[in-house]
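Trainee: Protein chains in written order, with this note's numbering: chain A, 1 to 798; chain B, 799 to 1114.
Simulated from the structure, these hints should not be mistaken for lab results. These numbers were taken from a predicted model, which means no experiment stands behind them. No incorrect hints appear here.
Computed beta-carbon distance windows for the label pairs: (1) L772(A) - Q1041(B): 18 to 28 Å; (2) G1095(B) - Y268(A): 54 to 64 Å; (3) K645(A) - Q1041(B): 45 to 55 Å; (4) Q928(B) - K585(A): 33 to 43 Å.
Glycine included, C-beta positions come from ideal geometry on N, C-alpha and C.
Residues per chain, in single letters:
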Amino acid sequence: MKFFLSVFLMISVFSVFAQENHTLSGHISDSKSGEMLIGAQVYFPSIKQGTSTNNYGFYSITVPKGVYIVEFKFSNLDPFSKEFNLNSDTVYNHEFTSKDQALQEVVVNAKKGSNVKDTKIGQMELGIDVIKLLPAFMGEVDVLKSIQLLPGVSSVSEGGQGFYVRGGGPDQNLVLLDEATVYNASHLFGFFSVFNSDAVKSVNLIKGGMPANFGGRMSSVLEVNMNEGNNKRFKVKGGLGLISSRLTIEGPLKKNKGSFIISGRRTYIDVLMKPFISKSSGFAGTSYFFYDLNFKANYRLGPKDKIFLSGYYGKDKFSFNDAKNGFSVNMPWGNGIAALRWNHVFGQKTFMNVSSTITDYQFSFGSKADQFSFNLFSGVRDIGGKVDFSYYPNNRHKIKYGLDYTHHTFTPTSVAVSQADTKFDTGLAQRLFSHETAIYALDDFDLNSRIRVNAGLRYSMYQQVGPFTRYVKGFMNAPDSTIVYKKGDLIKFYNGLEPRLSFRFLLNEKSSIKVGYSYNYQYVHLTSLSAVSLPTDIWYPSTSLAKPQKGWQLTAGYFRNFLNDKIETSVEVYYKGMNNLIEYKEGALPQDNVKDNTDNLLTFGRGWSYGAEFFIKRTFGKLTGWIGYTLAKTERQFAALNYGKPFPAKYDRRHDLSVVASYKLSDRWVFSSTFIYATGNTLTLPTAWYVQDQNLLFDYGARNSTRMAPYHRLDLGATFYGKTYKTITNEETGEVSKVKKKCKSNWSFSIYNVYNRANPFFLYIDSKGTLLGGDFKLSVKQVSLFPIIPSVTWNFEF
Amino acid sequence: MKNIFYITTLLFLLLQSCTKEVKVDIPGYEKKLVIDGSISTGQPPLILLSSSKDIYSETSQSAFLAGFVSGATVTVSDGTTSVVLDEVCTDNLPPGTEAFAAQLFGIPVSQLANYHLCAYTSFNSVIFGQVGKTYNLTVVSDGKTYTASTMIVSPTSLDKVFWKSDTYPDYGYSWATLSDPPGQYDAYMWEVKRINKGTTGKPKDEFFMKTYTPVFDDSFFDGLTFDFFYENPFSYHDSTFNQNYLGYYEIGDTVVVKLSKMDKNVYQFYEKKYVQLTTSGNPFATPTNIPTNIIGGALGVWAGFSPSYDTLICKP
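Just need the whole structure built from these sequences, with the hints factored in.
Mentor: As C-alpha cells, this is what we get:
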C-alpha cells in the first residue's frame, strides 16, 4: 500500500510543478479514414522533448511556457511542423494525409529511432502493411505466423497451435484483441490464426520487460488492435483466395464523429471438396470449415469522450460421417469476444480508458456410433472490467495506474455418455469459478538526460470460489470420495506482488543499453496431453492443487542505429525462471478427466530458459526487412517425470534464424521472401521394443530425448498493384489527364516452401510384417505436412 | 474420448503429404527383462521370460526367438504354499502340450523342436489358481530378482449374451448384458472363440482371442446394468473372410465368451497396453508407457484372472 501512497504523493507533487507549464494534447488521425494513429510522434526539437500517441491516438505533453515549433511524425508520412505559442493549455488534433499504398515505401517501423530512446525492452511492433506484403501460406495473411519471424518467438511446427516466447509455453502468452483475452488464437490446429488481417490495425508484442499494466501471463503480451473503420466515407474491401475469401465494409456512423467496420472471412475447403464426395458415398457429410466475423464501432460523444464497441466471433467446424458403420462425429470450436470501452480525457493531462470485456471459448465434441453416444464440452468464459489512467504531469513523466478484474468460469470437461437408454455415470460437470483482480501503477520517467526508467508494481490476487466438487482419490480398490463446496465458498486464495522495472541508458543519440526485470504471476494454465497442441487442450485455473505459475525474467540489451536510423540493430540477452509449471502425470489418459478433477491428474515442476537474440532491421528504402537470430535453451524439471531429471522442452531450439525481405521494384510490383532455419523439435520415442502376449509393445525412453531434423523453409511472395489512375483523353482538346480510379486492386502471389523441403512434423516407429513371418521390420518414419504450395489472392478496395 | 484421437488422426491424414524413413539418435536404450505371467482360476501359473530390444536391433525371426530367456528360477507362492515352477522347453515338451506351446510362442508345431524356447509352469495342483487368493511371483534371472503379486478376484457373470443382425440380416455383433456389482472396483477382459465347425470340419477356433480393445473397468458404470457389443476379432485375422462382413459373426456361429476379471494393477497394465497399441504413431496422442506391477526393473505383467464363461449361439 505504501507504494501506492507514494505514487499518489508523487502525482500531487507534479501537479504543483506543473503550474509554470502548459500542456499540448489531442488526437492524431489519418485524414482519409479518420483512423486514429497509434505511436505517432509529437516532438519539440528546441528542447529535444517529445511523446507519442497511445493506442487510442491520444497524446499529451506538458512543457514550460513558450513558443515552440512542434513536429508531428508518423511512419513514412510527410512530417508536419506547426508553431505553438504555449501560454495556455492547448488542444490540437492533427490529421495526417496518407499516400496510396502503391505509392508508399515499405516501412518496417513506424517510430523512427524510438527503439534506441524509449525504455521498451523486448518489444516488437509489426505494422499490418508489412505483414500483408510477406508471403502468405495458402494466401491467408497471418498475424501469428508473422510474429513468429521475430527473434525469440517460435512455433512448435507447422501444425503447432499458438506460439512460444523465450522458452515459455503457449499458455504463457496474453493474447489481446482490443483488450479482450483470446484463449485460442488459432483455426485448424494453428495453420491459420483467428486474426483477419483486414480487420487488424496493429500488432504489438512484448516478450520481456512487461510493463505493470499487463499481467496474468508469464511470457509475453500480444496486443492486436482492430481497425476502427473509416469515419469519412463508406468503403468496401476484400479478397478472393484459393481456400477462403474476405469481405470488409466500413464507413461513418456520423461523419467525423463515429464509424463502424464489419469484416468477415470463411474458408471453403468443404465446398470445394463436396463434388468429390458423392452423396451416395458413405462419407457424405464429412467436412471442415471455419469462419470469423469482426465488428467494431466507435463514436465520439464529445471532445473528451469516445466509446468503442468491438466484437469477434469465430468458429471452426469439423464433421465426419461414416454412414456405413453408423458412426458420426461433430466437432465445433471457437471464440466469442466482445469489448466495450470508454475513453475520457480529464483536463488535458489524464486519459482514462474504461473497458468491459467478455470472452468465451468453447470446444465441443459429439460422436454417435450406433446407439452409443458421447458428448464432450470444454470451455472458458471470462467477464472482466478494467479502468486505466494515463497521467502526463510534465514532459518527464508518464504515469499509468489502474484496476483490472476478471471473473473466470472454467469448464475443463463435461461429458455425457449413453448406450441406448442407459446413461453412464460420468460424474458432475467439472466447473470452476474464480476472481482475478489486480491493481497497478507505473511511471515512465527521465532520471536525467541519459537515463530513463520505467518502474511499476502490480499487485494481483486470485480467489477460487464455490460451487465446486473436489474428488479425493481412493487408495487402490477403495472408492473415491468428494468434498462439496457451496456457492460463494472461498476455496483458495492466492496473491502476490509483481515488481517490474526497466532502465534505458542512452550512450549517445544512436545507441543505448537497456535492462529490464519483471516478475509475473499466472493464475490460469493450459493442460495438454498430446505432443501437438489441439483444441482439446484444456484451460484450467489455479486451485488448491494447481498453484499459480510464477516467473521472473531478467533481460538486457544493446541497441544501436545506423544511417540516420535506416538500420536498427540490437542484441538482447535474457534469463527466465518459471515455477509451478504443469504437466499431466505419466500415463494420464483423456478419459481420466471424467468424474474427476483435472488437477488430480497433474504434476508440477519448474523450468528455465536463457538465450541471446540478434536483430538487424532495415526500416526504410526500396529494400526493407530484417534478420533475426536466436541462440537459446529451455529446460523443464518435474519430480514425477523423467525420474526427476531435467529434460528439454519440446520447443527447445538451440538455433533459430529468420530472414525477411521486401523489395519494391516499382509502384506496381513488390517482392518479398522469408527464410527460416530452426533446430529440430524434441520428442519422446521408444528406445526399446518387447513382446507380451504376442503383441509388439514399446518402452519409451527419457522425455524429449530425441531431436528431429532441423526445420528450414523459404517462401516467396509478390504483390502486383493494379493501376490507381486511368488516363482520359479530352476529345475536344486532345488533352490527356490522369484520373484516380475508384477501385483499387492487387494480386498477391505466394509460394510456400519453395524448395519443397520435407520438414519433420513428427516421428513414429513403424512396424511392418508379423513378428515370426520373417518380414518383420521396425523403422523410424518422419511425417511432413506441407510440400511446395503456390497460392494467389486477389484483393480489392473501393 | 478415444474418438477424438481417431478423428484428429483422420484430419491429420487428410493433410499429411509425405512420410519417409529417417535415422535419428534415440538415446537411452537399456536391456530389460520382460515377464509375461498369468494365473487363472483352476489353471497353473504360466510365465514367459524374454528381453527388450533396441529399436534399431535386428528383427529377423531368429533374432526375435533368441530373445526368449531360459535358465531362470521362478517361484509362485499363495502366501502359505510356495512352488518352484518347472522350466518346460519346446525341444522337450510333455506329450499333448505341443499345440498349446505352438500357440504360446507363435510358431508351427513342426518347428517346435528346432528351438529351445522355455516357459515356466507347474503340474502341481496346489498352486493352481483359486478365487480370493493373492499369488506372489519371484523370478531370479541373470543374478537379478524380480517380484510381483496379483489377486484372483471374484468373478462376475454376464446376465445374458445375444446376437443381433446389423446392416445385413445374417451378420451381426455379439451382444451382452452386464450387471456391474455396486460399490466395488471391477475390471473386465473380453475374449472369445468360435466352436462351431468350419470348412475343415474342426471347430473354427482352437484358442481364445482378444478383441481390439478387450479391457474395461467400471469407473463410469459402477452398479449399472447395460448392454454392450463386441466385434468378431477373428474376422480381421482371416484373409478368406468376406470384407463386407468384417467384425460380424454369422448366423450359425457358436461363440464361447470368456469374461475375466482382474485386479486394478493388472487392469492398468492392460488399459495402457491397448492405448499404446491403438495410438502408437499418432502425433496427437501422448507417448504411453505401460506401467508394470513387477518390482525390480522388469517390463510386463503378472496377472491373475477369474474368468466366467457363456455360450452365444448366433441366431435371430
